[in-house]
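> These are the residues of each chain, in order.
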Amino acid sequence: MKTQRRNFLKIAAMAVLGWGVRPASELLAAGGGTASEGLLFASRHKVHVGPNALTASRWAMVIDTAKLNEKVMEDIVHTCHSIHNVPTIPGNQNIKWIWETHMDHLFLEDLHEYQPEAGAKSALALCNHCDNPPCVRVCPTKATFQREDGIVMMDFHRCIGCRYCMAGCPYGSRSFNFMDPRKHLETTNPDFPTRTKGVVEKCEFCAERLAEGKMPACVEVSEGALAFGDLGDPESEVRKLLAERFSIRRSPTLGTKPCVYYLV
Amino acid sequence: MYDKNKILIGLAVFVVFMTYPFWNNIGSAAYQRPELEKPKNAKDCVESVEFMRAEHMAMLNEWRDEVVRGGEHEYHSTANHQVFQKSLSKTCMKCHENKDQFCDKCHATVSVNPYCWDCHVDPKGEKK
Amino acid sequence: MLEKAINGSKVYWGWIAFLLLLMSIGAACYWQQLSHGLTITGMSRDVTWGFYIAQFTFLVGVAASAVMLVIPKYLHNYHKFGKILILGEFNAVAMVILCLLFIVADLGSPQRLMNVLIHPTPNSVLFWDMVVLNGYLLINILVGWVTLESERKQVAPPKWIKFFIYLSIPWAVSIHTVTAFLYCGLPGRGYWLTAVLAARFLASAFAAGPAFLILVTYIAKIFTGFDPGKGVLSTLGKTVVYAMCVNLFLLLCEVFTVFYSQIPSHMAHLQYLFVGYHGHGVLVPWMWSAMIMAVVGILILIVPKNREQDNLLIIGCLLIFIGAWIDKGLGMIGGGFVPNPLHEITEYVPSQLELGVSLGIYATGFLVLTILYKVAIGVKQEIE
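Residue numbers (the numbering used here), protein chains in the order written: chain X, 1 to 264; chain L, 1 to 128; chain U, 1 to 384.
These are calculated hints, taken from the structure and not from any lab test. Just so you know, not all the hints are guaranteed correct.
[Stated by the list, open to error] Away from chain X, derived, C-beta distances all over 12 Å, residues of chain U:
hint, residue
1, Ile25
2, Asp46
3, Phe164
4, Gly185
5, Ile292
6, Pro304
7, Ile383
[Stated by the list, open to error] Computed Cβ-Cβ distance ranges for the label pairs, DEER-style:
hint, chain 1, residue 1, chain 2, residue 2, range
8, L, Glu62, U, Leu359, 54 to 60 Å
9, L, Tyr2, U, Tyr12, 24 to 30 Å
10, X, Ala15, U, Gly225, 45 to 51 Å
11, U, Trp160, L, Val15, 39 to 45 Å
12, L, Glu35, X, Ser25, 52 to 58 Å
Glycine is no exception: its CB is placed at the ideal position from the N, C-alpha and C atoms.
All chains, please: the whole structure from these sequences, using the hints.
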C-alpha cells in the first residue's frame, strides 16, 4: 500500500509539472499583457498610434534657460500639474512632475561659481526620459517601461509601489503617492485619471496629448522657452536649436543619455 | 473510526455551512437583472448589449494595456463600424453619465467592487 | 514533530502570548498603513526607503548564520558544530520570513504583489532577490526538517539531502550578494555605488549572523538546559570577530577612497553620517556609537581567553550585533538618500506607526523562531 501511494504521488507530481509547461509558457509569452511588451526582459515597447498622432523616432526637449522667468515657470508647473491631476501636498511627501529649481541643484558640480551675472539662476527639472534609463532597468514588473520613441512611461495599474525606480533615478524626477491624492486636489481634470495611493508617478512627455496630435502642455504655455521635437529629424526645431547654441544635460557622465537639453 | 461522534457532528456542521447559499434562498425569487438607466443622448454603445454584458470587464482590461503600454487609442467597433477612443471616462462615461444608476446597480447586485474609479474620474461624481 | 511546540511551560506560553500581543499591535498599525498609505511612515519624496527596507537588508545578513556552520561541518568535517546546526538552519528560516514580511510591508500596493511573478523581469535585481530569498527559505526548511526528522528516528538522512546542503552554501552567499546588488548598481547613489558593498554585506552578515546565533543559543540554554557542547560557541565567536574585522577594514577602505579622492558627491554621504552635513546630522551619534561598539566588541572577542568565558562572549557578540545593526539598519538608508540627487537634504527618522508595524513583524519572526527552536530542542532532548 505504502509504495503504491508514493509512486502515485510521484507520478502525479510529474504530471502536474508536465501539464503546466504549456500554460506557463503561454502566460510568459503573453507577458501578461499585449504583444507590444517583450518577453521577460524590459525592452522598448512598440507604439501603435492613430492617424492624428505626433510621432518621432526619438522625442527630446530643449529648454532655453535664457527665456525662462518666474512667471513662465509658474505657468508651466501649474498647467502640467492641473491637467494631470497632480496633487498639491504640503511637506516632504509631495508630488511634482516638473518644478523650478536652482541651477546648482540641476547641474551640481558642473557649473562653477563664476557664471555671468545675467545668466539664469534657476530652471526647470523634470524627468529626462533617458535613452538608457536606470529606472526601467530596475523595475521588477516593467510597470515603468520605455517606448520605441524614447518616452519612459508609467503603467499605474501595474506598479506595486516598491519605489526601486525612485532609488534608481539619479535626477530625483519621480514622486510617490504616500496618501490618497484626491484629498489634495482642488480641481480635477476629468479627462485624465488621478492615481491612487501606493504608486509612483512622473512626467510622461504628455504621451496622451501626442496621441491626439498636440504638443506637451508645458511646451505650449512656455512662450518659446521649451522646444519639443524629434532628435532623429535633422530639420526638427530641437536639432536646429542644438546645432545653433551650446547645450548641456544633467549628469551625462552617468551614462543615462538624458534627452532633456538645457541651452545655457 | 476514532472519535466517531465528534467527526460526524463536525462533518454535519461543515455541510450545513457550505450549503448555506442554497438552502437559505429556497423560496426566494430568481435573480432579477437590475433596471439600468439608459443613456439619453446615444443609441448605440461601442458594442452590442449582449457582448458588453459578458465582455466589458475583459474589454476594459484589454483597452487598459493597449492604451497605456501600446499607445493605441482608437477602437474600431465591430458592431457599428465607428471609431471610438479607448477610455472609460472619455467614452463610456460620456454616455453612461450616471454611475449610481448604471454601473453601480449591477455591481452592487452581484457584489463586485471594481476599483477603476479610484483613479479614473467619474465625470459627474464630483457633483454629489 | 510540531507536537513538540504545543507542550510547554508557563514561561513558554507566557512568551508566546506576549509575542501575539506585539503582533496584534503591529497588525493594528499596519491596518492604518493599508488605509492611509505609506504617509504614516517617516519616509518622504527624497528618502523613499526607510526602516522596513533597512531591517530587511540587515536580516538577510543574520540569516547567514546557517552557512557559517554548514561550511565547517560539511566542507571541513568540523563535527563539533553538528549539534547546533539545526538551530542555525531554523534561524535562517525565521530570518528570511522576516525579510519577506518587511518587503511586503514596505510595498505601496501590496495587493499587486503577484505582479512580480506574473511579469518576471530578469534585468531587475529585485526579481532575483525574490528568487534567492524564497529559494533559501525553501532549502533551509527542507534541509532542517529532513535532517531533524532523521535524527529523531535515529537513521541517517536520505542521500539526496546532501545536494541541498551543499547548494545552501553558494545560495547563502547569493542572498547577500543579490541584496547588495540592489544597492550597488544604482548610478545616482554615491554612497552605495561601490564594488566593495557586496563584500561589506557578506562580512557584516558573517559577523551578525553567528553573533545572533550565539546569543539565542545562550537563551535556549537558560530556558531549556540545552547544551551546545564544550567550546562550540567560543569557536563560533572566532567567525564573529574576524568577520567584523573585515567589515571595519572595508569601511575604512571606503573612507580612504572617498576622502582621498575628494569627490564632493561621494564625501557628502559619509560627512552626513559621521559629522553632519550643512547642519543636518540626526544619525551622527548613532554612527559613532556603532563604531565604538564594534571596536570594543572586537577588542573583547579577539582575545581567545575572553571567548571561553560566557559573560565576555555574550557582551562581545551583543556589541558587535548592535553595531552591525546600526551600520546596516540605520546608516545604509540614511546615508544613501541624504543628500538627494539635487544635493538637497531631507532627513529621515522612522515614525511611531512605522516602528509599531516593525515591532509586530519582529514579533512574528520571533514566534516562528520560538516554535522551530522548541521543536528542534525538544527532539534533541528526546533522543538523549
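> Look at each hint and say if it fits the structure.
To see whether the hints hold, each was checked on the structure:
no. : hint                                : in the structure
1   : Ile25                               : holds, 22 Å
2   : Asp46                               : violated, 7 Å
3   : Phe164                              : holds, 17 Å
4   : Gly185                              : violated, 8 Å
5   : Ile292                              : holds, 30 Å
6   : Pro304                              : holds, 43 Å
7   : Ile383                              : holds, 25 Å
8   : Glu62(L) with Leu359(U): 54 to 60 Å : violated, 44 Å
9   : Tyr2(L) with Tyr12(U): 24 to 30 Å   : holds, 29 Å
10  : Ala15(X) with Gly225(U): 45 to 51 Å : holds, 49 Å
11  : Trp160(U) with Val15(L): 39 to 45 Å : holds, 42 Å
12  : Glu35(L) with Ser25(X): 52 to 58 Å  : violated, 46 Å
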